[in-house]
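Undergrad: Residue numbers (the numbering used here), protein chains in the order written: chain A, 1 to 402; chain B, 403 to 490.
Note that these hints are calculated values from the structure, not bench results.
What you are looking at is a predicted structure, and each value in this text was computed from that prediction instead of being measured.
Treat the hints loosely; a few may be bogus.
What follows is a list of derived Cβ distance ranges for each label pair [to be verified]:
| id | chain 1 | residue 1 | chain 2 | residue 2 | range |
| --- | --- | --- | --- | --- | --- |
| 1 | A | S2 | B | Q416 | 58 to 66 Å |
| 2 | A | R39 | B | D445 | 49 to 57 Å |
| 3 | B | S439 | A | D64 | 34 to 42 Å |
| 4 | A | A198 | B | S446 | 27 to 35 Å |
| 5 | A | G74 | B | H421 | 34 to 42 Å |
| 6 | A | I13 | B | N473 | 42 to 50 Å |
| 7 | A | G171 | B | H421 | 23 to 31 Å |
| 8 | A | E259 | B | S446 | 29 to 37 Å |
| 9 | B | N473 | A | E318 | 35 to 43 Å |
For every residue, glycine included, the Cβ atom is placed at its ideal position computed from N, Cα and C.
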Amino acid sequence: MSISDRFAELAHIRDSLGAVEADPSRIVMEKILSPTEARIAGKRTILVGTNNYLGLTFEPELLDAACAAMHEQGSGTTGSRMANGSFAGHASLERDFAEFYGVPSAMIFSTGYQTNLGLLMGILRPGDKVVLDSHSHACIYDGCRISGADFLAFRHNDPEDLRKRLRRLGGDAEGALVIAEGLYSMLGDIAPLAELCAVAKEYGAWFMVDEAHSFGVYGEKGLGLCEEAGILDQVDFITGTFSKSLASLGGFCVSRHPEMQLLRYGSRPYIFTASSSPANIAAADAALRAIRTRPEIKDKLWANANRLYDGLKGLGYELASTVSPVIAVRVPSKEEGARLWNALLDEGVYVNLVLPPAAPDSAALLRCSLSAAHNFEQIDAILAAFKAASAGSDMAVGASAQ
Amino acid sequence: MSNQTQDLDQEIMQTVLTHLARFPTKSEELNAQTDLSADMNIDSVNMMELLMEVEDTFDVSFPLNMMANVNTVQDLADQIKQLVENRP
């Protein structure tokens, strides 16, 4: 394929989104008004697709810490930690993560995407075996692909299917890497981590969990679903991002293996990229403190999630999973998904429109992500918008109730 | 070519065509030379689903990275045959 052929292919994707008026690139937040509101096309709009789970992006503590760090240390680091050296903030944030998880190793990366890429490219080599959940995020697939390892998928959230695939690997199962996520970002369903971990360990495999959407949200301390599943002492690598609950930009990997830190010497996405800016580090550090000291934020998020979930169910919408901070409404076709998405925007509510292949079963998803910063009046306004949007469609109120 | 090998070839091709039949194709007919990407436009998720079904049917491990060498239905059948023949 030539470059011009590729441009033609991309133009086709753009045009097919345009044909159903579902091009997300046309959405511009003209002014951010709060963690939960922005002005879009001149209209004040409630944001229900930000992944800003704890709603900390406008928290005075974070803003003050980020501004102070920028004034003290500058606007950027202008290079990688290997070449330019680490700032004190990078090292202390890594110590904070290690201490919070009670593990010897923590590394931070410049984005969440690069965290998984950095871990996987750093630990895997051609010929290594990886068995990953089929719903894994693109950065997990990309990390495996670039590493040159042999990687295969097991059926989503199915420990017995994982067992079958490890068995087929024979002697290669020992030392293989099994990968799952905590909360899956599209359907909002959670992994049976204790069961998956038990199967991985039964075969002598390593176990990695991406807690990008579950860190700060699950577990008594907010460490995520590994904490909730009681497997923190068994899971080998936990990754996460700063760009959701931590309201910043970057990512982290923690491990019970002290050797994980050796990736500093052989992980290309760690070595060959500029380190996180002082403002990003200070904001993530302040957010981490908030998670550790203010568990009530998490409680507020769950109250909002429960209210929206019950309300949507009451309206007859088909929901993709049990209640979580990600509530995905299933819509039978991408045309109907786009129509509802635009109708919600007209009503002043922004959700994520997810189309195949990101949405399974050729359906579309209207993906809502809740925030602790939403209030009940906003949740009720979101429900009113869903009620108005469904009028006159096959998904009219009550039509798909089951 | 022995009868046994021919039987295996046919079984694999038939299974692959059966699994692929549920996807729409731009060509008139689905056959060994059909291009999975250009003619069928199978997306990454459906391709992965197809491979999991192939693995279960033939009790083999088919790593996704092996798809780098697969363009046509025949390429896919050849890769599966190689895995079946090398099955431990």
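Undergrad: Please write out, lowest number first, the hints stated earlier that are contradicted by the structure.
TA: Hint check: 1, 2, 3, 5, 6 fail, others pass.
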